[in-house]
Amino acid sequence: MRSEKGIVPAIVVWGFVALLLLPAAAVALNGMTTEWDGTVLPTGFTTAWFHNLFEDPRMSQAILNSLLISTATLVLSALVAVPAVLAGHFYLPVLDRCLAVLVILPYAVPGIVLGLGLLRLYAGNFGIVLTGTPWILILAYVPLGASFYYVPMKNNLRAIPAREIFEAGYLVGASDLAIIRSIILPSIAPALIVGFVMNFALAISEFVYANLLVGGLFPTLQIFMNVLRGGSGHLLSGVIAIYFAILLIATSIVLWATRPKSAAEGQ
Amino acid sequence: MSFVSLRGLDKHFGQTAVFTGIDLDIERGEMCVLVGPSGCGKTTLLRTVAGLATQDSGTITIAGRDVSRTAPQHRGVGMVFQNYALFPNMNVEQNLSFGLEHQKRPKDEIRSRVAAMIELMGLGQRAKARPTALSGGQKQRVALARALIMQPQLLLLDEPMSALDAKMRKRLREDLKRLQAEIGFTAIFVTHDQEEALVLGDRIAVMHEGRFSQVGTASEIYNRPASRAVAEFIGEFNVLDQAMVRAAFGRDTAKAWALHPESIAVEAAVPRDAAVDKIVATAVVTDRKLLGSTVRYQLAVGGINLKSDQLNKPSRALFQPGQSVCLVIDREDVRDLDS
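Residue numbers (my numbering), protein chains in the order written: chain P, 3 to 269; chain S, 1018 to 1356.
By construction, these hints were calculated from the structure, which means they are not laboratory data. Be careful, since some hints might not be right.
Said to hold, decoys possible - Examples of chain S residues toward chain P, derived with CB under 8 Å:
1) A1102
2) P1105
3) G1116
4) Q1120
Idealized CB from N, CA, C, for every residue including glycine.
Excised from the complex, chain S in its bound form:
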């Protein structure tokens, strides 16, 4: 049996379903990322696992114990909130020791655990600082430390990096992965950021309108999206229905296509060695953006707009907007979508 198991979870607000039919298994030491657009129910699902919201039906099992109706403080979960929810009147040390004091732990133990956690999180210089004197990244680390110091069986993180700048997010993602490797905690991480999901998730559950559209590894989700919803949310796929495929490539298909931008090669002319299983079409460059190591082209082909990412090699000349080009796609790179 999995370390964390969600079975048949349903929740409604009045007549509106927040999430339905949620089944999820998470192994010990695994970080599962719930990713989806705003309002898809991922935060409510996380709060339900924490016991801060109640499901209408279904069961939640953590470490073999059914906690479906257990009070939050007895579920063995720790949580990092989106706005951190640090105790504003307490300094970093006091924020960390608050829970241990309520567990009536010996003072020596509290002191040593707080000191160790502050050291682990690199907060030594700010141990006496109150939350108002901390930067966003430091607040996030204090919130994480406050949850981890209680040694929860399951750590829940509700978009903890959404208020941080891109550089800080990148650094904290690395910190989080390092901590997970060091401590080995099991976690559910909620985000609407696909890049964050792909970087952090040992397993990713893509949520759409209160249901899991797909659950899998980062590679499975990115390379083999199970549905149009997943393809449109993850990886900036070009999603083409049958009529669009016909208009762009002159082919009749039974299913819609999903194409990664990096799967569409842009050439000046049709390569001589273009194999039979390649899909080839003529397009016009409508726009071009340099993104550093890659170049993004916007292309018009048969009245359909596509985007293509190409490596920005210094040795290769860039195509100009308005230029006529040839698109070459490996048939193996085309993902067929059910709906």
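For reference, chain P alone in the conformation it holds in the complex:
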């Protein structure tokens, strides 16, 4: 492999980055134009669409609702999935094989079937009424998000000599909980970060379940976008640009919060 920087790799990488960013940039740009129709470049720029959006109470409510749902999903799915994956990996290998199948299930079953199932489950038939509340949405997203922890966590766990690490910990007097908390979880931090980000992104960007399970009773950003679909394209572009910005900020916060304590330690 050549060590010097080559122009071809740079073109390939930056071309790929541009391809990914281009739609987002175009949408953001559309949200800042007076008119962009039939021309290569917009004919005029304005921030009026963003002003309108920030003055619209539905927008701030949708952002709040989406953040609530996403954060709750992130926290709840982490509390459920992370201990389950660890328990399966270290203590119950038989159940671990079941988990491997179960995490695929929500994606194998069509969304409409799963949505109807959740409605059936939480519509009072079993004494639990959650329809129309954010809880039903959170409970729908948690199983969907579990696979985002399972796959990267398993890959990280397989990459470390976990059994020997436990045994080394036992021999110096540490308990299972101390070993998991002090060694295992920090060692699989990259997998957890992937899980956090993916769960947050799933919950804030999902529309099918949100529309089916809560709709206008608890409007999220996606529901709000759907409401705006029939109106101005510039306004809708503004919402999407804000949505991208929220995702970017949230991802940055997660990466900042879970960064290594000292880069020097890795030297």
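Got chain P sorted already, so can you dock chain S onto it with the hints?
Chain S alone, transformed into the frame defined by chain P:
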């Protein structure tokens, strides 16, 4: 009573015996090496002593205390694992202090013990480095330091040098012997490398199919193998059964023979002063390899293949493949084997 005593240890996985009838005594400050081929049960035996595996029967006594059913953390043992099992998220200092912190030692004591151990192991430059940034030899020293800093009564080492290159292994063997002399720890060292066993072991236990074939000093094991299994595993003996002895040397014997390669002298002709108690035979050189200070000859004698190591003296001409030579063996150098 010995400092470490294993009595009648048995372990089975289902119907398969992993080890049976294990009796072993280790004195304080002694390094006992368990050596044997892969799958002979030595690592499982070590894990059983550590409490990481459970024996079916038998007792383990360390410093006069029966720890046969004691939890690993209360046995007073430290262990160095084959893959080191360093804590990947912690730097060298943190790896060393982890156990002391769990013992709730005062911070000053932890700091001073960690610093002293890092100094002893020559890891000063790498104290802040994480395991991924360490070389194999450095990882091995950190693993050893992590075990030693807990001041275990018994140190267990499970093939800790198997992943290192030959030069590094040699250096670390010397380091380990130096540390043992300085600290005076008692240890059980598991290896499948006979050279490592002979260099490191104050006492060597040769394991074969879950049993000790022989326990003794390096000299006893090397010079007086008790069985064919030991002879074949240690020292690259030429092992000849009765029929092979008859074919090669024309002698009838009650037992099989074991001959060190260096015990077979290769001469151009029968020496005039060959005494009566010498065994003499004519052979043909089939191959020759220069190993530095020695030359290894492959020899065919009476249809039997033998290997012989000779000093590679500049003044002495080497025999050529295909050349007819004379083999001379001292009868005293022949080891009789029971089976």
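Practice task
Mind checking the CB of P1105 of chain S against every CB in chain P and telling me if the closest is under 8 Å?
Solution key: This hint holds: P1105 of chain S lies near chain P, its Cβ roughly 5 Å from the closest one there, short of 8 Å.
Practice task
Mind checking the CB of A1102 of chain S against every CB in chain P and telling me if the closest is under 8 Å?
Solution key: OK, holds: A1102 of chain S within 8 Å of chain P, min 3 Å.
Handout entry: Hint check: 8 Å Cβ-Cβ cutoff, Q1120 of chain S to chain P
Key = Check passed: Cβ of Q1120 of chain S comes within 6 Å of chain P, closer than 8 Å.
Practice task
Verify the interface restraint on G1116 of chain S: the C-beta must sit less than 8 Å from at least one C-beta of chain P.
Solution key: Hint holds; G1116 of chain S Cβ to chain P Cβ min 3 Å, cut 8 Å.
When each numbered hint is compared with the structure, no violation occurs for any of them.
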